[in-house]
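Chains as they are written, first to last, in my numbering: chain A, 40 to 401; chain B, 40 to 401.
Among these hints, one or two may not hold up.
Because identical chains cannot be distinguished in the list, a pair is counted as satisfied if it fits within a single copy or across any two copies.
[Claimed, not checked] Taking lysine to any residue and the SDA-like style, the derived pairs with C-alpha atoms no more than 20 Å apart in a straight line are:
hint: 1; residue 1: 140; residue 2: 324
hint: 2; residue 1: 350; residue 2: 207
hint: 3; residue 1: 240; residue 2: 389
hint: 4; residue 1: 240; residue 2: 260
hint: 5; residue 1: 350; residue 2: 98
hint: 6; residue 1: 350; residue 2: 184
hint: 7; residue 1: 140; residue 2: 257
hint: 8; residue 1: 140; residue 2: 42
hint: 9; residue 1: 240; residue 2: 103
hint: 10; residue 1: 140; residue 2: 361
hint: 11; residue 1: 140; residue 2: 49
hint: 12; residue 1: 240; residue 2: 206
hint: 13; residue 1: 350; residue 2: 141
hint: 14; residue 1: 140; residue 2: 51
hint: 15; residue 1: 140; residue 2: 260
hint: 16; residue 1: 140; residue 2: 168
hint: 17; residue 1: 140; residue 2: 45
hint: 18; residue 1: 140; residue 2: 44
hint: 19; residue 1: 240; residue 2: 320
If you're looking for bench data, these hints aren't it; they were derived computationally from the structure.
Note that the coordinates shown come from a computational prediction; the quantities given were computed from them, not determined experimentally.
2 protein chains.
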Amino acid sequence: MFNPWPEVGTPLDQVATPMPVIDEDRVAANIVRAQRYVESHGKAFRPHIKTHKIAAIARQQLEAGAVGINCQKISEAEIFADAGFEDILITYNILGTPKLKRLRALQERVARLSVVADSAAVVEGLAATFETGRPLSVLVECDTGGRRCGVQTPEDAAALAERIAAAPGLRFTGILTYPAAGGAQSVEAFIVRTMELLAAKGIECPVRSNGGSPDLFSAHLVPSATEHRAGTYVYNDRSMVRAGHCTQDDLAMHILATVVSRPAPDRVVLDCGSKALTSDLLGFSDYGMIEGFEGARIVSLSEEHAVVDLKDCAGTFAEVGAMVRVVPNHTCVVSNLFDRMVFHRDGVVTRVEAVDARGTVW
Amino acid sequence: MFNPWPEVGTPLDQVATPMPVIDEDRVAANIVRAQRYVESHGKAFRPHIKTHKIAAIARQQLEAGAVGINCQKISEAEIFADAGFEDILITYNILGTPKLKRLRALQERVARLSVVADSAAVVEGLAATFETGRPLSVLVECDTGGRRCGVQTPEDAAALAERIAAAPGLRFTGILTYPAAGGAQSVEAFIVRTMELLAAKGIECPVRSNGGSPDLFSAHLVPSATEHRAGTYVYNDRSMVRAGHCTQDDLAMHILATVVSRPAPDRVVLDCGSKALTSDLLGFSDYGMIEGFEGARIVSLSEEHAVVDLKDCAGTFAEVGAMVRVVPNHTCVVSNLFDRMVFHRDGVVTRVEAVDARGTVW
């Protein structure tokens with residue numbers, strides 16, 4: 040079987056395309072920059088591993104000072120527990136006997152494990168699974184405008200916290216939100232009001248966890264938050280540049296692609312389709328940015344083809360057979376498509392890491 | 040590490056979610072129905088393996104009468120060659136020394152291997168790689184309105200065919216198109232004109248290969264085509280129902296998902312995000328159809344969450360913790376996200392197949 044993974048020392052122009060590649064120096068700089076910023080505002084930083092899914096990168100994040108990691112599914116947490124991680128927050132409602140059993144087994148081997156809940160149904164399942172001897176830390180997930188999961192009001196948050204605090208096998212640890220971009224004010228107001236309500240009930244709320252990469256460098260606008268979680272910042276992507284979260288020089292992931300066809304003067308086709316870029320638009324009207332060819336727009340993707348419209352591309356485009364570099368709209372979803380990730384420094388491969396938690400959704 | 044794959048005999052309601060599952064009887068019926076239809080019009084049928092990526096399913100397709108298989112990338116063809124397949128068409132321009140070397144090695148072990156070309160650059164690379172003793176079969180890819188790859192006119196097709204025919208190591212075998220949906224008339228006209236031009240040059244064109252699942256059952260509207268290629272028909276999906284290609288009863292793939300949150304009266308959240316469904320819209324404005332809950336719309340996806348808007352859902356939605364079944368917009372891309380695929384009959388697991396060619400894009 041063909042082995043697409045290059046040896047250390049291989050120049051990137053000899054790598055099989057399509058292939059995402061990660062710039063070592065930019066990753067290292069992104070990790071340090073975010074950590075220092077969050078620390079400088081007196082908050083803990085908890086990276087979300089969903090962006091890289093690689094234990095070695097999470098270790099770099101902990102070495103820089105992160106308090107622990109954030110996983111989305113138990114299956115991810117299980118893999119990172121196997122890799123020795125001792126402080127794991129799973130920001131997902133865990134439901135049903137099989138998953139609750141796995142959660143209990145996981146808690147027995149992870150020093151500090153916490154989860155979230157946003158309904159009585161979730162709390163009931165957790166409460167029936169854990170016992171007094173080794174209670175599980177639970178945070179209440181709050182919807183502060185992101186309109187995904189989460190209780191809708193501080194009153195509901197406080198009521199659910201009370202229910203958690205009353206369960207012998209659970210320990211109420213705090214509140215958590217994944218806010219809408221630009222939602223600092225709403226987050227702060229939600230936290231402050233919930234803490235007031237909890238204080239009136241005599242319930243402590245040590246952790247107030249805020250999140251999101253687009254708002255990472257606005258974390259200081261939520262003074263009541265004790266912790267920030269972010270994933271995408273580690274590689275960054277086109278959506279992060281648009282959000283003003285980073286510059287082009289902070290983009291650590293590129294997709295190397297080859298021009299495979301020039302069927303018409305205003306159209307070229309690249310070999311990076313939705314199996315390399317995914318169809319995530321994130322508000323863009325095209326599927327990625329081709330470096331060095333301003334105005335060239337990836338207007339459609341099929342699984343193995345990216346169709347590029349050159350109507351508004353001023354210069355000469357790369358010829359059939361040439362390699363180009365594409366900045367993906369969304370980096371996290373690209374990580375989930377490849378079994379391994381190729382790292383480089385100055386265009387030479389430095390390491391190839393297994394994407395340890397690729398494909399885990401359970 | 041958690042093993043998400045169920046034992047044979049497991050009822051589907053005990054399967055870990057999110058999980059795509061395939062109905063054995065519907066797959067078998069889809070395979071036979073398409074094969075009989077194409078054969079009845081005197082054409083060869085060549086299934087595209089991109090939809091399932093599973094050798095065992097491709098074998099079912101050959102047993103039903105398919106002439107061979109269609110792969111999109113060499114890496115897929117290598118995997119199917121390893122699995123013993125002897126007639127493989129790769130419908131992709133193959134460029135660059137490393138891929139051409141692999142193609143040559145592949146041709147040495149596949150009885151009938153053919154590829155496409157749509158430019159002089161591609162033909163030159165192939166011509167420099169193959170020799171008289173064992174020439175490579177090459178088809179000219181034609182753009183008949185699909186606006187992806189392909190030469191633009193019958194004149195260009197004939198000129199490229201002449202170039203292929205003149206290369207000692209290549210054998211011109213015919214022409215191929217992946218048309219726009221509903222493009223039968225354009226395809227027929229393109230083929231007829233190209234054959235006239237080739238006949239005038241004394242060049243035979245034994246294979247005229249047409250393709251696409253949306254137009255599969257319109258294949259008879261292209262009488263000059265000798266072969267039809269299709270992938271999606273084997274599982275079918277929401278886009279195929281919309282195209283009138285199949286009914287709901289022909290849908291072989293469903294994504295089992297669990298309701299994980301009901302944050303507001305008009306909103307629920309399922310555990311099947313873009314890592315289970317992908318973000319492929321294919322012209323829809325939502326990300327899949329939830330069976331049995333008409334009007335419930337999956338309005339946004341993040342990696343692990345599907346946010347469902349219930350505003351227009353008349354009945355009572357499933358409760359937190361309950362399982363639902365989602366019909367994906369696009370089935371092929373779902374296959375690429377899971378290492379294995381779970382098959383069932385009447386709701387009981389029959390087999391779990393490795394998705395042999397998952398993640399191969401090279």
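Hints, verified against the model:
no.	hint	verdict
1	140 to 324	neither (43 Å within a copy, 38 Å between copies)
2	350 to 207	neither (65 Å within a copy, 38 Å between copies)
3	240 to 389	neither (55 Å within a copy, 54 Å between copies)
4	240 to 260	neither (27 Å within a copy, 74 Å between copies)
5	350 to 98	neither (45 Å within a copy, 44 Å between copies)
6	350 to 184	between (39 Å within a copy, 18 Å between copies)
7	140 to 257	neither (38 Å within a copy, 52 Å between copies)
8	140 to 42	between (38 Å within a copy, 14 Å between copies)
9	240 to 103	neither (38 Å within a copy, 69 Å between copies)
10	140 to 361	between (52 Å within a copy, 18 Å between copies)
11	140 to 49	between (45 Å within a copy, 18 Å between copies)
12	240 to 206	within (16 Å within a copy, 85 Å between copies)
13	350 to 141	neither (54 Å within a copy, 35 Å between copies)
14	140 to 51	between (45 Å within a copy, 19 Å between copies)
15	140 to 260	neither (39 Å within a copy, 57 Å between copies)
16	140 to 168	within (7 Å within a copy, 57 Å between copies)
17	140 to 45	between (40 Å within a copy, 16 Å between copies)
18	140 to 44	between (37 Å within a copy, 17 Å between copies)
19	240 to 320	neither (45 Å within a copy, 47 Å between copies)
In summary, the numbered hints that this structure violates are 1, 2, 3, 4, 5, 7, 9, 13, 15, 19.
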